[in-house]
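Chains H and A are the protein sequences, given in the same order.
Take any residue in the first sequence, note its place counting from 1, add 1, and you have its number in my numbering.
Take any residue in the second sequence, note its place counting from 1, add 1, and you have its number in my numbering.
Keep in mind that the hints are not guaranteed to be accurate.
Any copy will do: because identical chains look the same in the list, a pair fits if it lies in one copy or spans two.
As the list claims (entries may be wrong) - No more than 20 Å apart at the CA atoms, straight line, and that leaves these computed lysine to aspartate or glutamate pairs for DMTMM-like:
#1 4 - 296
#2 62 - 260
#3 118 - 255
#4 124 - 234
#5 4 - 35
#6 124 - 267
#7 118 - 232
#8 118 - 267
#9 126 - 260
#10 126 - 255
#11 4 - 72
#12 4 - 38
What the hints contain is simulated information worked out from the structure, not anything from laboratory work.
There are 2 protein chains.
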Amino acid sequence: MHKLALKVGDHVFAQWSSAIAAHLPDYQILHWNEVDDPDSVQYACVWQPEAGRLREFGGLKAIMSLAAGTDHILIDPDLPTGVPIIRIVDNTLVDRMSEYVLTQTLWLHRGMHRFAKMQRQAKWKPSFSIPASQRHIGVMGAGRLGQPTIRRLAASGFDVSVWRAGSNDIAGVRCFHGSLQLGTFLGNCDILICMLPLTNSTHGIIDRALLEQLPTGASLINVGRGEHLIESDLLRALESGHLEAAVLDVFSGEPLPPDHAFWAHDNIVITPHIASLIDPETGARALCREIVALDAGQQSNNVICRERGY
Amino acid sequence: MHKLALKVGDHVFAQWSSAIAAHLPDYQILHWNEVDDPDSVQYACVWQPEAGRLREFGGLKAIMSLAAGTDHILIDPDLPTGVPIIRIVDNTLVDRMSEYVLTQTLWLHRGMHRFAKMQRQAKWKPSFSIPASQRHIGVMGAGRLGQPTIRRLAASGFDVSVWRAGSNDIAGVRCFHGSLQLGTFLGNCDILICMLPLTNSTHGIIDRALLEQLPTGASLINVGRGEHLIESDLLRALESGHLEAAVLDVFSGEPLPPDHAFWAHDNIVITPHIASLIDPETGARALCREIVALDAGQQSNNVICRERGY
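Using the sequences and the hints given, assemble the complete structure.
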């Protein structure tokens, strides 16, 4: 019998466990806190493993990230070397993310944040909306989740630009690369969308200096990681009126503490990290497809580069 | 010199007037309240003309409706007979309407009304969202604005059904017809969208009996006319929990009075009739194209049927 150790939230453990068992009858699925003999485990399938824990497993074939981002694994200073880290990105994850970003982009584009405020004041004040083709959307990051999102925004008629670290372009979209072109990119963003991976070079990237380069009245959507954003700089940019609104799905501390200033802010929309929750059913299917292929001696296309961070 | 009388809101009169003048150099553009010799006017281009006024114009070639709906003209009991009523539906109007409906549908689909309430309570409670393909959207009305909207919702992956008075089908969409099939249609609507014209047979159509046929937890989007909806029946359906939320862009009295119960309702989103405002620039272009064609002796495709009401 092979063994697989699973670390997911307790409220979804049973769902994940039975979904995996259905696909991998030769595997014993172990709860993360009930692993007696770590060296006998082939796969650690994890979301936010505690630092130091993964190195206890001496016989891992791979560490499987149950999220598109792998920062939750790479943050471990004692991460075992020589074991591939593989991430699971299934299509439902991609669909949900692109749908969430489109929802929030349309919402900001149509001025719904302003109408919501007017409703609280019982104020009737019609205003024209510019066409989507005149709304400049800037997406930072163009990876497995970013690219389909970019296509979807463009298909909805928005004028989409992309900024990414690497030098490769995306067909049909205006692409900016590296730190030198960041300013030009930002200067034309009515709505800035962060879909970056969290790495050493993107940590805290959305700071005062970056926000100041956006045009006055711009808005922000963050679906990357909370650590991309310097929270106090965002609050300052909203207070000054330089930024109009922000939609945040991720936070540097989750759950967001009840006394956090973001909750009651008039120009901030908060969702509890639900932009693209991985579904246990479809997630387990994608995970097990990887494991079956690895056990059959095939290479995975989803191994991340530790040095790059994604 | 030909003459055209224009009735639009005072805040947009100058824009409309100069946009029309640019396209029709042979026409004198008269403000609705400054027409000295009504019989010398060829075209009355109107939004909500006062009852009895249009019959003062003895030489009209056509009455031009500056809105997709023509209920604001047909309501006049003294409407002159024998003059064609032509409506202006330009593409920007269509784009805006389909964009607005998509925005609100996605917003409800992703449970944003629930997250907004949780934010007010500083409550962090993640939840899965079902895929768009499992969300059943029902659109009532499939006219010039409805059909492109239906296509757009379907392209976003939603499961879309349509109910319309007439018997003709729409390719690729499940169509229900007439009063006999209304119940079957309603029974499968997670989100009901009203895009009907306002006529004698659709006045007050969204009443208690209709709402009760929706599944528990359904939501409503009304972008038709306020008079389609029995407001007290909507409030009752929301109070009882049978309906979850409503997004309303149109009201039986506009502007919505400041003391109206809708404003402060937790489960109602209000926008001030902005789903598809007609843009003076593009609207004037479409209007003038019609007038030039009519003056050249061509038939218009946009003459409405008075008896049918659209």
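Hint check results:
no., hint, result
1, 4 - 296, "within (12 Å within a copy, 82 Å between copies)"
2, 62 - 260, "neither (43 Å within a copy, 66 Å between copies)"
3, 118 - 255, "between (27 Å within a copy, 19 Å between copies)"
4, 124 - 234, "neither (31 Å within a copy, 24 Å between copies)"
5, 4 - 35, "within (12 Å within a copy, 86 Å between copies)"
6, 124 - 267, "both (16 Å within a copy, 16 Å between copies)"
7, 118 - 232, "neither (22 Å within a copy, 22 Å between copies)"
8, 118 - 267, "both (8 Å within a copy, 13 Å between copies)"
9, 126 - 260, "between (33 Å within a copy, 16 Å between copies)"
10, 126 - 255, "between (37 Å within a copy, 11 Å between copies)"
11, 4 - 72, "neither (25 Å within a copy, 69 Å between copies)"
12, 4 - 38, "within (10 Å within a copy, 92 Å between copies)"
Of the hints listed earlier, those the structure fails to meet are numbers 2, 4, 7 and 11, in rising order.
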